[in-house]
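Student: Those protein sequences? They're chains R and C, same order as listed.
Heads up: the first sequence begins at 0 in numbering that gives the first Met the number 0, then just goes up one per residue.
Heads up: the second sequence begins at 0 in numbering that gives the first Met the number 0, then just goes up one per residue.
Hints listed in this document are in silico derivations from the structure and should not be mistaken for laboratory results.
Any given hint might turn out to be false.
[Unchecked claim] Mimicking EDC-like on lysine to aspartate or glutamate, the simulated pairs with C-alpha atoms at most 16 Å apart in a straight line are:
| hint | chain 1 | residue 1 | chain 2 | residue 2 |
| --- | --- | --- | --- | --- |
| 1 | R | K272 | C | E277 |
| 2 | C | K150 | R | E161 |
| 3 | C | K109 | C | E222 |
| 4 | R | K255 | C | D184 |
| 5 | R | K255 | C | E277 |
| 6 | C | K224 | C | D56 |
| 7 | C | K255 | R | E126 |
| 8 | R | K224 | R | D11 |
| 9 | R | K63 | C | D56 |
| 10 | R | K255 | R | E160 |
| 11 | C | K63 | C | E278 |
| 12 | C | K255 | R | D208 |
| 13 | R | K150 | C | E126 |
| 14 | C | K150 | C | D97 |
| 15 | R | K143 | R | E95 |
| 16 | C | K63 | R | D186 |
| 17 | R | K38 | R | E73 |
| 18 | C | K272 | R | D11 |
| 19 | C | K109 | C | D56 |
2 protein chains.
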Amino acid sequence: MSQQNDSKLHSDAPIGVFDSGVGGLTVAREIMRQIPNEKIIYFGDTARVPYGSKSRDTITRFSKQIVRFLQTFEVKTIVVACNTASAYALDELEREIDIPIIGVVKPGAKTASEVTTNGRIGVIATEATIGSQIYTKYIKELNKDVTIYGKACPLFCPLIEEGLWQDPVTDEIARRYLSELIDIDIDTLILGCTHYPLIRSTLGRIMGDSVTLVNPAYETARELKEMLEEKGILNQEHPGLGANQYQFFVSDGAEKFKSFANSIIKYGILSAKTINIEEY
Amino acid sequence: MSQQNDSKLHSDAPIGVFDSGVGGLTVAREIMRQIPNEKIIYFGDTARVPYGSKSRDTITRFSKQIVRFLQTFEVKTIVVACNTASAYALDELEREIDIPIIGVVKPGAKTASEVTTNGRIGVIATEATIGSQIYTKYIKELNKDVTIYGKACPLFCPLIEEGLWQDPVTDEIARRYLSELIDIDIDTLILGCTHYPLIRSTLGRIMGDSVTLVNPAYETARELKEMLEEKGILNQEHPGLGANQYQFFVSDGAEKFKSFANSIIKYGILSAKTINIEEY
Chain R
0 MSQQNDSKLH SDAPIGVFDS GVGGLTVARE IMRQIPNEKI IYFGDTARVP
50 YGSKSRDTIT RFSKQIVRFL QTFEVKTIVV ACNTASAYAL DELEREIDIP
100 IIGVVKPGAK TASEVTTNGR IGVIATEATI GSQIYTKYIK ELNKDVTIYG
150 KACPLFCPLI EEGLWQDPVT DEIARRYLSE LIDIDIDTLI LGCTHYPLIR
200 STLGRIMGDS VTLVNPAYET ARELKEMLEE KGILNQEHPG LGANQYQFFV
250 SDGAEKFKSF ANSIIKYGIL SAKTINIEEY
Chain C
0 MSQQNDSKLH SDAPIGVFDS GVGGLTVARE IMRQIPNEKI IYFGDTARVP
50 YGSKSRDTIT RFSKQIVRFL QTFEVKTIVV ACNTASAYAL DELEREIDIP
100 IIGVVKPGAK TASEVTTNGR IGVIATEATI GSQIYTKYIK ELNKDVTIYG
150 KACPLFCPLI EEGLWQDPVT DEIARRYLSE LIDIDIDTLI LGCTHYPLIR
200 STLGRIMGDS VTLVNPAYET ARELKEMLEE KGILNQEHPG LGANQYQFFV
250 SDGAEKFKSF ANSIIKYGIL SAKTINIEEY
């Protein structure tokens, strides 16, 4: 494991981004949009996806392996682009490494606590993220007077990965999951899984115009940019064409990943490589 | 790894049964029904489930680890109670161990080739099983004159695990997946994933009375019984109450597994233990 401290962090080093699979690409996409000079090493744990139905111990063990893999690229920072891993593993990862590490939960929680006016915030996410109560914890730290309603939506990821982004079945499942959040009159809904921005229009239509949707991917990229600026390690120059600015690694099925990734990111995924993450 | 040969196989040794998660319980249930004297060690790879969207290399590596784990119990035989693992890993597993090993694909293929009268057989399964063309290969070996139509149904497993066994959404998805098999007038449908018997009534209703559903779980238990009889290692005496006849192990989430398992198997899952399968 490479050891680094802030003074050794180089602005032209890449940013490590990881997720259980393809969902984190919505975060990578926001980073590409907001700080286009940065290099990214993306890892998707496609051999062990999904994380959202699994336990804290297992997700923490998987996340540590991935962080060790990303550190072989001497990344200057790591973005945990997975709500479940942010919920369960972020604290322990922070203790293990001495480069900055950002999860997607805190930035989303912060924005939601700021935009709510009636003090009722809904969170939709995986079973694991909802079970962890992590959004409730962070939001309550910022604003004691709000109430947070969590709802696990285990079918959203398989429906999204099947490509049913706009489909009557996804509508029907979304109406079932969201009905109780509509009934209790939330005015803010956190998309607490990195897949969910892909069905943002369906979710927005069902919730109605009076509900603000918070996309933690956007907020995370913004916080990442601020952090890099503060530490003086924002990359000032574009690495140039042919510089392998974006590299993608997966633990399984590189071709399938590439095809799905290209439907999310319009910058062109030149290649994705498969590695055995259990060796890290 | 324990080394055994037929002469050393004991009739009172347990049978190892494994699957990527809970689906293989439909196979375990058939074994319990058809040969009630047998002890079973069941392993569900719940930390890395599902297998059906993953590659041959990954599934073979996972399956080898599980076989090594099961061999620590000196099992007399192993049942690969997962179509995807049977499709991708069975041949390699057979070369690695010297106890009998049975997959779910061959028994299902054999029965389908026998029951079809119009020579048109449908197979529904995971992407990996369909992609492997394994059912086509086995059926063609038995009967050259049939045509096999495969259809991947990636949403069935998540819908079943969400408990929507009888639900309009599952009906709608099933109608979409099955429509082309109805159009080409198959008379036999293989339920090529161990989850699918749990929505058998939905599938039967949509396909209609003229189509025979083949459940490889049933056929596999029957073939297992015949093999144990032939080798003289069928357990003649019931192990008795309190003898820990059925033991369940998972790689994650033992409590959740137990709860789902109890909805499938009516014999009472007394306990399930979590182990780290990556250590095998």
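Student: For every hint, state whether the structure bears it out.
Tutor: Hint check:
1. R:K272 / C:E277: violated, 22 Å
2. C:K150 / R:E161: holds, 14 Å
3. C:K109 / C:E222: Holds - the C-alpha atoms of E222 (chain C) and K109 (chain C) are around 11 Å apart, at most 16 Å.
4. R:K255 / C:D184: The hint is violated at about 31 Å.
5. R:K255 / C:E277: Judged against 16 Å, a Cα distance of about 24 Å means the pair is violated.
6. C:K224 / C:D56: Violated, at about 31 Å.
7. C:K255 / R:E126: Holds: K255 (chain C) and E126 (chain R) sit about 12 Å apart, inside 16 Å.
8. R:K224 / R:D11: Given that 16 Å is the threshold and the Cα spacing comes to 14 Å, the pair holds.
9. R:K63 / C:D56: Answer violated: K63 (chain R) to D56 (chain C) is near 23 Å, above 16 Å.
10. R:K255 / R:E160: Roughly 11 Å between the alpha carbons, so the hint for K255 (chain R) and E160 (chain R) holds.
11. C:K63 / C:E278: Holds, because 12 Å separates the two Cα atoms, which is no more than 16 Å.
12. C:K255 / R:D208: This hinted pair is violated, its Cα atoms lying about 37 Å apart.
13. R:K150 / C:E126: Measuring from Cα to Cα gives roughly 29 Å; hence the hint is violated.
14. C:K150 / C:D97: violated, 34 Å
15. R:K143 / R:E95: violated, 31 Å
16. C:K63 / R:D186: violated, 51 Å
17. R:K38 / R:E73: Since the Cα atoms of K38 (chain R) and E73 (chain R) sit roughly 12 Å apart, the hinted pair holds (cutoff 16 Å).
18. C:K272 / R:D11: Violated, at roughly 47 Å.
19. C:K109 / C:D56: Cα-Cα ~27 Å, so violated.
The structure is inconsistent with the numbered hints 1, 4, 5, 6, 9, 12, 13, 14, 15, 16, 18, 19, although it conforms to all the rest.
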